[in-house]
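Participant: Residue strings, one per chain:
Protein chains: 2
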Amino acid sequence: MNCEILAFGSEMLTPYRQDTNSLYLTERMNALGVTIVAKSVIGDARGVATGAIRNALARADIVLMTGGLGPTVDDITREAVADALGVELYRDTEILTALYKRFAERRRPMPENNVRQADTIKGAVSLANPNGTAPGQWIDTVNEGHRKILILLPGVPHEMKAMFEEHCEPRLKQIVPPGAMATRMLRIAGLPESEVDARTAPIYTKFADVETTILAVTLEIQLHFRCIAANVKQAQARVDELCGLVEDELGEAVFSSHGETLEQVVLFFLEMRGETVATAESCTGGMVAQRLTSVSGSSRSYFGGAVTYTNEMKTEFADVPAALIDEFGAVSHEVAAALAEGIRERSGSTLGIGVTGIAGPGGGTVQKPVGLVFVALADGRETEVVERRFSGDRERVRYQASTLALDLVRRRLM
Amino acid sequence: MNCEILAFGSEMLTPYRQDTNSLYLTERMNALGVTIVAKSVIGDARGVATGAIRNALARADIVLMTGGLGPTVDDITREAVADALGVELYRDTEILTALYKRFAERRRPMPENNVRQADTIKGAVSLANPNGTAPGQWIDTVNEGHRKILILLPGVPHEMKAMFEEHCEPRLKQIVPPGAMATRMLRIAGLPESEVDARTAPIYTKFADVETTILAVTLEIQLHFRCIAANVKQAQARVDELCGLVEDELGEAVFSSHGETLEQVVLFFLEMRGETVATAESCTGGMVAQRLTSVSGSSRSYFGGAVTYTNEMKTEFADVPAALIDEFGAVSHEVAAALAEGIRERSGSTLGIGVTGIAGPGGGTVQKPVGLVFVALADGRETEVVERRFSGDRERVRYQASTLALDLVRRRLM
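Here the protein sequences come in this chain order: H and W.
Numbered according to the numbering used here, the first sequence spans residues 15 to 428.
Numbered according to the numbering used here, the second sequence spans residues 15 to 428.
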């Protein structure tokens, strides 16, 4: 079966706001074995909305709609669906009573236009909304000889999600034919997309029943696999088989095979090996620290560190000799190593990370161009320093440098 | 005039990838005075694509399409547009020659299926693509009695943008009736969305010709204003007038009136006042540092700082007495103040920021619940400490805490 998703609301037709509900709904529908054929954002014009719903009915078995169920005149989803199906709206007294009760409980008078939220499409089942005033609607109908499911959900994400999981998924499982999708993702660090593709294509092209997508997402490479089969077990087995072969090919470049982030993997290894780490960052300005501490429980393995933006701070917090900076420059192999060694000593951690580089857009020279980064990892015995030249703007250079630093720790501990 | 945007490509119908080209195109079309009535993502099925183009032609004057111009069988935009218009495709020999030449210059043989990129819709003007192999197409036609513009652009963002700016904007300016849109945005820190709305609605509702949208974007409140008038000057004057009144009402809660970020504003004020700052962060784990250093040139006013994740690091890098931590706890008014004062002393900056709190999800108690944050600002004479209880998950608590810290500096320097 297939599905089309419509999001109603003019605010999502501005340059400032995206429809993100459809990403969540796509994931859940995929898990049921349903493919999305199209998705649209529609403004608040009733005629345009009616046309969009009619088109969706013509090409999809399931039409999932979000938004436009509020009390104002801009909220036209109920009317547009009724128009598209050629049926009437009626004001449901039970919903109306519940609305009055909800406002009464909060000791607020109900604004006159809220009564519109009780308007129900003839033939629809009303879906309770415990998190807001807009009830959803579920319509199971026959349109031009074909069975069609229309689902109206609120646009507020947490209301929409709760309603979908509680009321829609159980109903959809009754309707969607058995068959299920399994998905899995591998995350890869330290290899370019083209190399990942070149090395894995000979493997994944042999799995015609598994769809493989290679994406470069926030500067990491992801390999997504998905398979639809008669049941979940079968689908999962095929995905896992392919995943295993790809992991063998890419080796330690695969940092995650079950959805973990690089930060989570690094902290997991640190804890497992009984190691601790501290950071001394120049060009990344705290990004490595911030990424590590974004994981709950990171304090067990991460002590903290220093953002040594000036030369003086490098000396003050990581004991980098001023003479070393004078001799080799702040952006150098030597200073990166000294930062890692110094912060390790000062913090008492078993590992120390040092990062220095030129994030740009200014500050580059012929010898030391924008994007040049040195990342060091010290463990008290030896200090490994990696030099890279990253491309992209300031944020891309910083993010890539912080990823390199985290990945250095991961590879050391594997 | 109005416009509909269609993005072709099945990869944007997965949970992993969004169409972002439409945000750019919306901004540019808005600037020309054109409103977007709907936008859609369409998969690789030719029939669905043809239907979507027909629907768009029925409701919009301009149909902007991105993607599906590549050489593979999945690239169906050319065929679908021809189908929708009921016209033929022909293989343009001039484009074909250019394609062969492009490959020859790179000393690579042209794959057989690349000849499809020379397929041109009858009546279309071909748009050169200096950045890739897929040429665009521009069609100015009459459909069911109405003038319609159809534009086919490549899906790769930098190819699409270059082609739109070079070939489409000049043509559109000839066609779109005079009238232009002016926009402006105010960014607000430290006030909830409901209060911003309550205080500004009496003002903006008096400007019927200016569309006002209040958005909560990554935990900051934005007020977007836009006005379409006979010319840019007139539109801008109305937007500026409303902006001025709203700024008067909200006072120093408005941190930006010309698009600057909070980080940029803070660094601007620091430089203007000859002040410098350093940071000592516990729960934010380097996020304040990372945000400040995301701005190019931040090293002029930001010295660096410490991520003092353990108690020992608070003592080592910000001279917080161990006894103070024992007495009041690491998350306390006193320790926040000591962090700010200590890092200021140690770094030699004129201002010091200290942040401590409980980001969650673990670590909360009845006395010190998750979301409790203390932010301190020291200037050598007095130390201001603000206590807040933020809601949301770990990342939201951390982000709000870092925003509070930056805003404290801004308000001090205003």
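Be aware that a few hints might be false.
If chains are identical, the list can't say which one is meant, so a pair holds when it fits in one copy or spans any two.
What the hints assert, rightly or not - Under the rule of at most 20 angstroms between Cα atoms (straight-line distance), these lysine to any residue pairs were calculated in the SDA-like manner:
(1) 175 - 406
(2) 382 - 313
(3) 175 - 30
(4) 136 - 68
(5) 162 - 65
(6) 187 - 45
(7) 382 - 311
(8) 382 - 342
(9) 175 - 267
(10) 162 - 261
(11) 162 - 289
(12) 220 - 408
(13) 162 - 16
(14) 247 - 110
(15) 187 - 170
(16) 382 - 184
(17) 175 - 28
(18) 115 - 336
(19) 187 - 244
(20) 136 - 308
(21) 175 - 185
Everything labelled a hint here was simulated from the structure, so no lab data went into it.
Participant: Hints numbered earlier in the text: which of these fail when held up against the supplied structure?
Facilitator: Violated hints: 9, 10, 11, 12, 14, 15, 16, 18, 20; rest satisfied.
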